[in-house]
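**Q** Here's the letter readout for the chains.
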Amino acid sequence: MSASRGVALVGAGVCKFGVRRASFRELIWEAGKACFDAVPGLRPRDLEGLVVGSVLPERTAFQSHIASLAAEALGIRPSALSARTEHMCASGTVGIRYAYAFIAAGLADLVMVLGVEKLNQPSGEEAILNMGTGVDREWEAAFGLTAPPCFALAAQRHMMRYGTTEEQLALVGVKNHTHAARNPNAHFQKGATLDQVLCSRMISSPLRLFMCSPITDGAAAVVLASAERARDLTDRPVWIRGTGQALDGFQLSSLPDDLARWPALERAAQAAYRMAGVGPRDVDVAEVHDCFAIAELIAYEELGFCDQGEAGPFIAARRSDDGGDVVVNPRGGLIGCGHPLGATGVAQAAEIFLQLRGQAGPRQVPDAAIGLTHNNSGMGEHVVMIYGREPA
Amino acid sequence: MTYWRAVDPFPLQSADHTKLAEFYARLGQGRLSTTRCAGCGRLAWPPRAFCGDCCADRFEWVDLSGEGAIQAFTVQETGLPAGFPGPRVFAIVAVDGLRIFTVILNGEAGRVAVGQRVRLRPLRVADGPTGEPRWLPAFAPA
Ligand SMILES: [Zn+2]
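Order-wise, the sequence lines are chains Y and E. First residue of the first sequence? That's 1 in this note's numbering, and the numbers climb one at a time after it. First residue of the second sequence? That's 393 in this note's numbering, and the numbers climb one at a time after it.
Source of the hints: derived by calculation from the structure; they are not laboratory data. Be a bit skeptical, because a hint or two may be false.
What the hints assert, rightly or not - Listed next, the stretches of chain E that the computed footprint assigns to chain Y, with coverage defined by at least 3 CB atoms under 8 Å from CB atoms of chain Y:
hint	region
1	423-437
2	466-479
3	486-496
Said to hold, decoys possible - Only part of the chain Y face toward chain E is listed, based on derived beta-carbon distances under 10 Å:
hint	residue
4	D136
5	A142
6	G144
7	C150
8	A154
9	C199
10	I203
11	S204
12	G323
13	G324
Claimed, not checked - Taking CB as the label site, the calculated pair distances span:
hint	chain 1	residue 1	chain 2	residue 2	range
14	Y	T193	E	A486	39 to 49 Å
15	Y	E58	E	A417	28 to 38 Å
16	E	G420	Y	P263	16 to 26 Å
17	Y	V19	E	D519	32 to 42 Å
18	E	L490	Y	P263	33 to 43 Å
19	Y	S68	E	T470	32 to 42 Å
20	Y	H65	E	D519	29 to 39 Å
21	Y	R274	E	D445	23 to 33 Å
22	E	A505	Y	D257	10 to 20 Å
23	E	L490	Y	S64	45 to 55 Å
24	Y	T193	E	A417	32 to 42 Å
25	Y	E58	E	G420	25 to 35 Å
26	E	G507	Y	E138	27 to 37 Å
Positions of the beta carbon are idealized from the N, C-alpha and C atoms, including for glycine.
Please model the entire structure based on the sequences and the hints provided.
**A** As structure tokens, then:
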């Protein structure tokens, strides 16, 4: 499968992530402003489309119809594409796929994708209740299930099957909190030691607080352009080389028996690699969906960075850290940077944009040419994007 | 003006609301049941009124044994949603060849293990909007 037209990122911007004293609309303004500032010569009225990834505005901001709200707030007047994507934690990347497909098909030339989530309202107590809307209400969430126990079940299984240790899980927290300390937009910026992670309070066994992503407010935006418009707007476009999405199941009991394997991620990755014409060893920098430490470890395996069952030793040997085979989550990932659901996938793309342009400052991966993002919604639904400094 | 919460975290279970009301009626009597597709014979979990394999929308009710073994579990200590106290034991239980997501009641104090035998213990939750009792399929150590 090859696209009819090349598509590139030409701009990206994120706002400060955290528990923000800012309204839903203000988060949109901040990310939109940062993105427009990154593309001199691009004005809101030049854009033909806007896709907004957002999951819970009805329950948090008490607001729906948000693509139009965001377009008005940013001065965009869509003439080709205006839509919201809601696919839980993968909403942002699904939005990027929509914009990509529209441009590749010739239906638009310039589209912004913005992700936004204002989770910490109306109260912290309700924020967690709201998160349970992402799992099946009748058969799972009615028991009080939210994400941490789901991923804890996968962690238990990975430990039992492969001998993965608590310390190896903790190293994901150490790495990503340490990386976040060099990202001024991250939710957390104090870093973390192995002792701190291993002694942090238990959330859902074996996942401790510093192995989990927090509840974060934030927004991020990127602009996608056809090849021709991309070259007009910048001399350093970042090309979309490949993309894949696959689903194995929604309910826990529908997933494959072995919760330590995520076949949908493997399929999404293979589709993206095939389309991009690259393999796992070509990836210099990756933003993977470390909503919980175990997710990052399983992602190493399904993305092909290491063999099945080898993720624990892989991180322990620092092969996913600075100077390793592939630098994973240089901005701090979801654990260190935060996880404003709809904004997460867009923020991952924004980071890869900076990395492939050599503009990532203190967290720059030297000479990064191929970047990958992995965004999931639960353990059974995965989206992978591959970006390149050069077109395919 | 008082602050009003419009959240009902439990499914509507009566025949006015769902074709699967029979499941909840049986559960209230201490029976675990599910649907068997009248088209292809597939036993489903959870029960369903439309078959994703053969597209039939006809089904029959089948009682399950109500006893099984824990395949996987985790104990959530903190960070539970409002209204759900911890610690809470979430588990996947194998019953008659089906994998059932559930909570294990009275499962604290080290009594939970993979392979542990458990038995259905229907959990009464908040009554429905017209005062009818509502149940969830929870389990407890056998
Ligand atoms: Zn059938």
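**Q** Confirm or reject each hint.
**A** How the hints compare with the structure:
Only when three residues or more bring their CB closer than 8 Å to a CB of chain Y does the claim for the region 423-437 of chain E stand; here the count is 1, and the claim is violated. With a cut-off of 8 Å between beta carbons, the region 466-479 of chain E has 11 residues touching chain Y; three or more are needed, and the interface restraint holds. Evaluation of the coverage hint for the region 486-496 of chain E: fulfilled, as 6 residues show C-beta separations to chain Y shorter than 8 Å, against a requirement of three. The beta carbon of Y:D136 comes within 8 Å of a beta carbon in chain E, closer than 10 Å, and the hint placing it at the interface holds.
Interface hint at Y:A142: satisfied, since its Cβ lies 5 Å from the closest Cβ of chain E, which is below the 10 Å cut-off. The criterion of a C-beta within 10 Å of any C-beta in chain E is met by Y:G144, whose closest approach is roughly 3 Å, and the hint holds. This hint holds: Y:C150 has a C-beta 8 Å from the nearest C-beta of chain E, less than the 10 Å allowed. Hint status for Y:A154 relative to chain E: holds, with the closest Cβ pair at about 9 Å, below 10 Å.
Of the supplied interface hints, the one on Y:C199 is violated, with its beta-carbon coming no nearer than about 14 Å to a beta-carbon of chain E, more than 10 Å. For Y:I203, the shortest C-beta to C-beta distance to chain E is roughly 5 Å, which falls under 10 Å, so the interface hint holds. Using the Cβ-Cβ criterion of 10 Å, the hint placing Y:S204 at the interface with chain E is satisfied: the shortest such distance is roughly 4 Å. The interface hint given for Y:G323 is broken, as the beta carbon of that residue sits about 35 Å from the closest beta carbon of chain E, more than 10 Å.
At a threshold of 10 Å, the smallest CB-CB gap from Y:G324 to chain E is about 30 Å, leaving the interface hint violated. The supplied range of 39 to 49 Å is met by Y:T193 and E:A486, whose beta-carbon atoms lie about 40 Å from each other. Between Y:E58 and E:A417 the beta carbons are some 32 Å apart, a value that agrees with the proposed interval 28 to 38 Å. Evaluation of the 16 to 26 Å hint for E:G420 and Y:P263 yields a failure: the beta carbon distance comes to about 38 Å.
Taken as a hint, the range 32 to 42 Å holds for the pair Y:V19 and E:D519, whose Cβ atoms sit roughly 36 Å apart. Distance hint check for E:L490 and Y:P263: the Cβ-Cβ separation is about 21 Å, which falls outside the suggested range of 33 to 43 Å. Range check, Y:S68 to E:T470: Cβ separation about 39 Å, and the 32 to 42 Å hint holds. For the pair Y:H65 and E:D519, the beta carbons lie near 34 Å from each other, so the given range of 29 to 39 Å is met.
Range check, Y:R274 to E:D445: about 29 Å between beta-carbon atoms, so the 23 to 33 Å window is met. Take E:A505 and Y:D257: their Cβ atoms lie about 18 Å apart, and the range 10 to 20 Å holds. Take E:L490 and Y:S64: their Cβ atoms lie about 37 Å apart, and the range 45 to 55 Å is violated. For the hinted restraint 32 to 42 Å between Y:T193 and E:A417, the CB-CB distance of approximately 55 Å leaves it violated.
Remark: the range hint 25 to 35 Å for Y:E58 to E:G420 is upheld by a beta-carbon distance near 32 Å. E:G507 and Y:E138 have their C-beta atoms about 28 Å apart, which keeps the hinted 27 to 37 Å range intact.
In terms of the numbered hints stated before, the structure departs from hints 1, 9, 12, 13, 16, 18, 23 and 24, listed from lowest to highest.
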